[in-house]
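Peer 1: Chains as they are written, first to last, in this note's numbering: chain R, 1 to 257; chain L, 1 to 224.
Since the hints were derived computationally from the structure, they do not count as laboratory data. A few of these clues could be false.
As the list claims (entries may be wrong) - Calculated cross-link-like contacts (lysine-lysine; reagent style DSBU-like; alpha-carbon spacing at most 30 Å):
{"id": "1", "chain 1": "L", "residue 1": "Lys145", "chain 2": "R", "residue 2": "Lys122"}
{"id": "2", "chain 1": "L", "residue 1": "Lys160", "chain 2": "R", "residue 2": "Lys116"}
{"id": "3", "chain 1": "L", "residue 1": "Lys145", "chain 2": "R", "residue 2": "Lys142"}
{"id": "4", "chain 1": "R", "residue 1": "Lys142", "chain 2": "R", "residue 2": "Lys116"}
{"id": "5", "chain 1": "R", "residue 1": "Lys142", "chain 2": "R", "residue 2": "Lys122"}
{"id": "6", "chain 1": "R", "residue 1": "Lys142", "chain 2": "R", "residue 2": "Lys125"}
{"id": "7", "chain 1": "L", "residue 1": "Lys160", "chain 2": "L", "residue 2": "Lys183"}
{"id": "8", "chain 1": "L", "residue 1": "Lys183", "chain 2": "L", "residue 2": "Lys53"}
{"id": "9", "chain 1": "L", "residue 1": "Lys145", "chain 2": "R", "residue 2": "Lys125"}
{"id": "10", "chain 1": "L", "residue 1": "Lys160", "chain 2": "L", "residue 2": "Lys145"}
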Amino acid sequence: MSAPVLRLSGFGKQFGSLRVFSDVDLDVMPGDRIAILGASGSGKSTLLRCINVLETPSEGRLELDGELVGQPSRAGDMRFSERELCALRQRVGMVFQQFNLFPHMTVAGNVAEGLKTVRSVKSQKALERAVAELQRVGLADKADTYPSRLSGGQKQRVAIARALAMDPEILLFDEPTSALDPALVGEVLGVIEQLANEGRTMLLVTHEIGFAYHFATRILYLAEGGIYESGTPDEVLKNPKRPLTQQFLAEHRRFQF
Amino acid sequence: MYEWDFSPVLAEGGFLLVGFRNTLVLTATALSGGLVVGLLLAFARLSHRRWLKVPAGIVIEVFRTTPPLVQLFWFYFGLPIVLSIEMTPFLAASLTFMIQSGAFFAEIFRAGIVSIERGQWEAANAIGMTYNQCMRRVILPQAVKRMFPSMMERSIELMKTTTLVATVSYADLLFQANELAQKTFRPLEVFTVVALIYFVSISFISFIASRMERRFAKSGEFTP
Chain R
1 MSAPVLRLSG
11 FGKQFGSLRV
21 FSDVDLDVMP
31 GDRIAILGAS
41 GSGKSTLLRC
51 INVLETPSEG
61 RLELDGELVG
71 QPSRAGDMRF
81 SERELCALRQ
91 RVGMVFQQFN
101 LFPHMTVAGN
111 VAEGLKTVRS
121 VKSQKALERA
131 VAELQRVGLA
141 DKADTYPSRL
151 SGGQKQRVAI
161 ARALAMDPEI
171 LLFDEPTSAL
181 DPALVGEVLG
191 VIEQLANEGR
201 TMLLVTHEIG
211 FAYHFATRIL
221 YLAEGGIYES
231 GTPDEVLKNP
241 KRPLTQQFLA
251 EHRRFQF
Chain L
1 MYEWDFSPVL
11 AEGGFLLVGF
21 RNTLVLTATA
31 LSGGLVVGLL
41 LAFARLSHRR
51 WLKVPAGIVI
61 EVFRTTPPLV
71 QLFWFYFGLP
81 IVLSIEMTPF
91 LAASLTFMIQ
101 SGAFFAEIFR
111 AGIVSIERGQ
121 WEAANAIGMT
131 YNQCMRRVIL
141 PQAVKRMFPS
151 MMERSIELMK
161 TTTLVATVSY
171 ADLLFQANEL
181 AQKTFRPLEV
191 FTVVALIYFV
201 SISFISFIAS
211 RMERRFAKSG
221 EFTP
């Protein structure tokens with residue numbers, strides 16, 4: 001039995017007096033693919049953003065490969081130095097709902113940027129690597145184009161390549177298909193599926209329940225400020241045990257054909 | 001009927017040219033200094049550290065809200081008394097316009113920087129960049145393009161504001177013009193020529209600026 005790559009314990013986030021979630025305990029094993037579901041406002045994106053500390057968690061611990069990230073302050077919350085954050089984020093990549101590509105760089109420039117600036121890889125080497133990553137997402141021919149010329153689906157695939165270029169141990173996807181035309185969702189999910197087949201460790205916040213069922217090794221359903229129900233896709237999605245999960249899934253099935 | 005006669009003015013053209021050169025030197029000094037001061041003030045005001053943020057805010061507001069002529073007098077007459085130092089008209093004028101234009105540039109820079117979407121910061125952070133790396137590689141390159149038109153506008157404004165140094169007898173274009181007007185008794189002609197010199201040189205700068213703006217736009221990477 002291997003050790004968890006990521007462990008959250010007593011993890012929580014509060015915005016002022018609003019408690020988004022609390023007491024989240026989670027072990028992510030290598031190769032785990034965890035889909036995080038929940039109604040809007042249930043804190044799924046916030047939870048994901050706390051994992052690479054784009055949002056600072058208010059309480060609890062975050063361990064990567066058994067090592068605690070950040071220092072506990074006297075007030076009990078965690079403090080993160082810039083150096084720790086940069087190290088953490090290189091190991092935990094993220095793909096955003098709105099892609100957030102850098103508009104002033106070419107597609108290859110976007111993918112190579114982290115290597116060049118953060119890892120000080122030589123420009124030529126970084127670009128070669130960028131093209132290789134673009135090949136993986138099927139966009140090597142777009143290397144020299146600017147992002148404004150791409151479709152939403154292509155942009156998101158570039159964003160995935162940009163995250164992959166840093167060789168992250170864990171990939172976080174924050175509703176990667178929510179900003180896409182329905183016709184473009186498939187190509188992005190296809191790339192994510194391919195990464196799943198490679199055995200990558202991933203956490204995915206999504207509304208695509210069908211995809212979550214096929215993709216995930218484990219489902220977390222978030223409600224009432226925490227993990228409300230969790231288990232295998234069959235357990236949670238086929239036989240939900242708790243009322244809010246049942247209601248959520250029923251709502252989703254309403255217009256199925 | 002007034003009889004226009006430019007010949008005495010043109011005969012002393014070299015006199016005006018000296019003034020024009022001095023105006024250019026002062027503008028260039030104040031502009032390059034002002035850009036540096038502006039960038040520093042902008043970063044200080046954007047900082048989370050109160051001891052940087054608050055003083056920067058005060059300097060910016062004081063220099064934006066007081067008349068430049070008063071600032072110039074303060075630097076030229078006030079500062080030597082307070083610090084008991086020697087002050088030349090050029091030094092006083094350079095300091096005044098550096099800080100004064102710096103205060104305006106700072107607000108232009110700051111507005112440009114905060115206008116960049118949060119997602120850009122997050123994406124840069126998410127691949128492990130530090131604050132400085134984000135700023136240098138992702139935020140500033142995009143912000144500068146947005147700031148460029150207002151920066152040009154402010155620089156032109158600066159060139160015209162430097163005429164105030166005539167009041168502390170720095171031999172800029174306007175000061176020389178005054179002298180020449182008294183010498184030749186042809187103030188209308190003299191000041192018409194001065195206006196023309198400003199018109200031509202500023203139009204030229206504007207032309208270059210709009211060319212550059214178009215080149216920025218053509219590089220095509222803007223996403224609305």
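Peer 1: Taking the hints in turn, state whether each one holds.
Peer 2: Cross-check of the supplied hints:
no.: 1; hint: L/Lys145 to R/Lys122; result: 27 Å, holds
no.: 2; hint: L/Lys160 to R/Lys116; result: 44 Å, violated
no.: 3; hint: L/Lys145 to R/Lys142; result: 25 Å, holds
no.: 4; hint: R/Lys142 to R/Lys116; result: 20 Å, holds
no.: 5; hint: R/Lys142 to R/Lys122; result: 21 Å, holds
no.: 6; hint: R/Lys142 to R/Lys125; result: 18 Å, holds
no.: 7; hint: L/Lys160 to L/Lys183; result: 24 Å, holds
no.: 8; hint: L/Lys183 to L/Lys53; result: 51 Å, violated
no.: 9; hint: L/Lys145 to R/Lys125; result: 29 Å, holds
no.: 10; hint: L/Lys160 to L/Lys145; result: 24 Å, holds
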